[in-house]
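Relying on the hints, combine the two individually framed chains into one complex.
Residue numbers (the working numbering), protein chains in the order written: chain V, 1 to 178; chain L, 1 to 210.
Honestly, the hints are just simulated from the structure, not real lab data.
From a predicted model like this one, the values you see are computed outputs, not experimental measurements.
Backbone N, C-alpha and C define an ideal beta-carbon position, used for all residues, glycine too.
Be a bit skeptical, because a hint or two may be false.
[As the list claims (entries may be wrong)] Computed spacing ranges between beta-carbons, pair by pair:
#, chain 1, residue 1, chain 2, residue 2, range
1, V, K141, L, I200, 35 to 45 Å
2, L, L55, V, I88, 46 to 56 Å
3, L, Y92, V, N36, 27 to 37 Å
4, V, N36, L, S105, 49 to 59 Å
5, L, F194, V, A96, 22 to 32 Å
6, V, K93, L, L55, 53 to 63 Å
7, V, R39, L, F194, 18 to 28 Å
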Amino acid sequence: MYDNETSFKKLMRETQQGDSVSYRELMLSLSGFLKNYLRRRIFEKNDIEEVIQEVLLALHKSKHTYDLEKPFMGWFMSVVEYKITDYIRAKQKQNAHLGLESIAEVFQAAQIDSDLKLDIETALQNLSHKEKAVITELKIKGYSVSEVASSLNLSEANVKVIAHRAYNQLKKQLGELS
Amino acid sequence: MKTEDMIESLSLDLKPTNVIKFSFFDIAKVLLAGMLSLIAAVAILGFRVDLSEQLLTARFIVESVWLLVLALVSIYSALRLSVPDLDNRKFYKWPVFAFSIVGLSTAYSFMSYSNPFLYLGHGFVCVYEILLIGVFPASVLFYFIRRAAALKRDIVGALVLMAGAALGWLGTQLTCADSTPLHHLFWHFLPFIFLSLTGIYISNKILRKI
Chain V
1 MYDNETSFKK
11 LMRETQQGDS
21 VSYRELMLSL
31 SGFLKNYLRR
41 RIFEKNDIEE
51 VIQEVLLALH
61 KSKHTYDLEK
71 PFMGWFMSVV
81 EYKITDYIRA
91 KQKQNAHLGL
101 ESIAEVFQAA
111 QIDSDLKLDI
121 ETALQNLSHK
131 EKAVITELKI
141 KGYSVSEVAS
151 SLNLSEANVK
161 VIAHRAYNQL
171 KKQLGELS
Chain L
1 MKTEDMIESL
11 SLDLKPTNVI
21 KFSFFDIAKV
31 LLAGMLSLIA
41 AVAILGFRVD
51 LSEQLLTARF
61 IVESVWLLVL
71 ALVSIYSALR
81 LSVPDLDNRK
91 FYKWPVFAFS
101 IVGLSTAYSF
111 MSYSNPFLYL
121 GHGFVCVYEI
131 LLIGVFPASV
141 LFYFIRRAAA
151 LKRDIVGALV
161 LMAGAALGWL
171 GTQLTCADST
181 PLHHLFWHFL
191 PFIFLSLTGI
201 YISNKILRKI
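This is chain L alone, in the form it adopts within the complex (with noise of 0.2 Å):
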């Protein structure tokens, strides 16, 4: 088919279209959906024991506010790299940056505790709930992003997964009351690598190429 030809075919299906435009909204009932998924899954596994002695400690908050940055950043970032423009490359540094940060809470946990390697204990449970707070905000991400055009998919479908995992981590925070390092990278950190990484697969059936 010539190029001539082609174009006079587009433009007989050609209907005005409505414009795609990000906003904070957006950004805020992705929010409100992690903020669902977090009281169904505290209405099913209750509060920690210790929270009340826990909201007090730093390292909890640090690693609290931070996943919450990790995911906002992942959110707003997968939303602009879901629209073409040349200038996006700053969008995949910040949650790389975010990223970095959790990773050395994790790891400087390790180098605080005396025994870091003792103890593994049991966190099926865990996992469960980064997969259950997880799946509902990303999904609302998920449909958000097939409506616009996402040129590097794999990313944009990690970033999603990022977000949704990063909330489901700060669910954990609130319901489970073991903090060995041990624990927190086996149960924690892996699953949220795990399930980001799984982004880059799930993408590609999920988001549309252009």
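Next comes chain V alone, as it looks inside the complex (with noise of 0.2 Å):
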């Protein structure tokens, strides 16, 4: 049982009246619910925003059948779930294309770069243990540097200091090796 299912209730018979107030309430409420409950269910950060959208979007069309009679909560998850699942289904789809597709430019920049790749991985062997997590996080896997100094147990300040001191490395010695 949800705690909030008397006032959404309340909320949505005002919304389904033309009461614009209540209606923005219940908007404003449950994306603040969706948030927490995505966060768990979603794993890039980046498209919890997307997806809560589309969820209010989807409550916004068929709002119509809502029966008062019922519980909000069950009619509003099965709509969450069904974004949910239409989400997994899209990330799938891209994926599997952005799959292809990178390996195609995996294998593109390999032919063409592939003494310069050997230049990069020589230079990155010769960083300290540190500096080279602090390079792998930030610029191969793509993580802010918030997310690297919390997973490095860091500061933001010191990865930071970390990076510029790696980068100024791998430039000399980039510069040695060609």
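Right under this line is the structure:
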């Protein structure tokens, strides 16, 4: 049982009557609820906002199907689950597509830049353990400074300093190698 | 666009909504459409010559009753599934159960017949009839469901056409005098399956995605 069931139901009743203030309040409360709920279901944080908007848009389009005699959350969560499934399917399709593209890109890049790649790998081997970890997380895996800081248990300022030092070293080594 | 901005713009075009609530009257309307199609089909093709004898046989009665049950259950489930609800899962099971009984009855007719694979017969008329009777009630049902918000559109579409096809098959019980199992399988059962599966394809075009 959800705590907000009664208040959501009341707001939904007023929404169906055309009260835009209640509607705004309902949508904002639900977006707050969704933010917490989707954090556990969707791992790509950048996509959470997109899914929230999709759910709220679906709610807007289907609000005439909610029967006030039934639990609001049962109705709402079925829309949420439907949109999550939709998102996962779209993501799988996109990943499959990107997967093929990136394989092709890797092969192409491998043919053109194989020498340069070997140079980068050699240069990375010469970095300290910490520097290598920061560069890998930041530039290869694409995490943000704050994410790298929390995963490596460092301060953000420290991550920036280590990254700066590592870039300079890489630049120097690559210059020597080429 | 930020979520807050989206909510703001959506709230600007908010109007009072008429809540959709399906009732048994809606099922009755779809059945009435099926009945009208059935009358039209019988008017064109005429009753089967042995209808008075068939009305007394258990097989005919059981098959006809189950086809009607299958049509009713499919209509009811399609209407219920067109409205979002987490408790909707049970509405998938009923049509599957009713369909299994019809399938088993078709399989049983092969076992009870002495030489079931002997005669196929011509049955294009039966296929036309299933289509003729089934399309109108299915269209009426699609019209109702289009106003709602079906989440599993493919399943709902299959149920809509299954209901129409079941009513169509029921119609052939009254007009087609060929009771051989192979004819039933080929010209009644398979068109019924084909029509039901077509619902999966056309539902994405007819029912709007929310």
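Consistency of the hints with the structure:
1. For the pair K141 (chain V) and I200 (chain L), the supplied restraint of 35 to 45 Å holds, since their beta-carbon distance comes to about 41 Å.
2. At about 53 Å, the CB distance of L55 (chain L) to I88 (chain V) agrees with the hint of 46 to 56 Å.
3. Between Y92 (chain L) and N36 (chain V) the beta carbon distance is about 30 Å. The supplied range of 27 to 37 Å therefore holds.
4. For N36 (chain V) and S105 (chain L), the hinted distance range of 49 to 59 Å is satisfied, since their beta carbons lie about 51 Å from each other.
5. Between F194 (chain L) and A96 (chain V) the beta carbon distance is about 31 Å. The supplied range of 22 to 32 Å therefore holds.
6. Taken as a hint, the range 53 to 63 Å holds for the pair K93 (chain V) and L55 (chain L), whose Cβ atoms sit roughly 54 Å apart.
7. Range check, R39 (chain V) to F194 (chain L): Cβ separation about 45 Å, and the 18 to 28 Å hint is violated.
Violated hint for the displayed structure: number 7, the only one.
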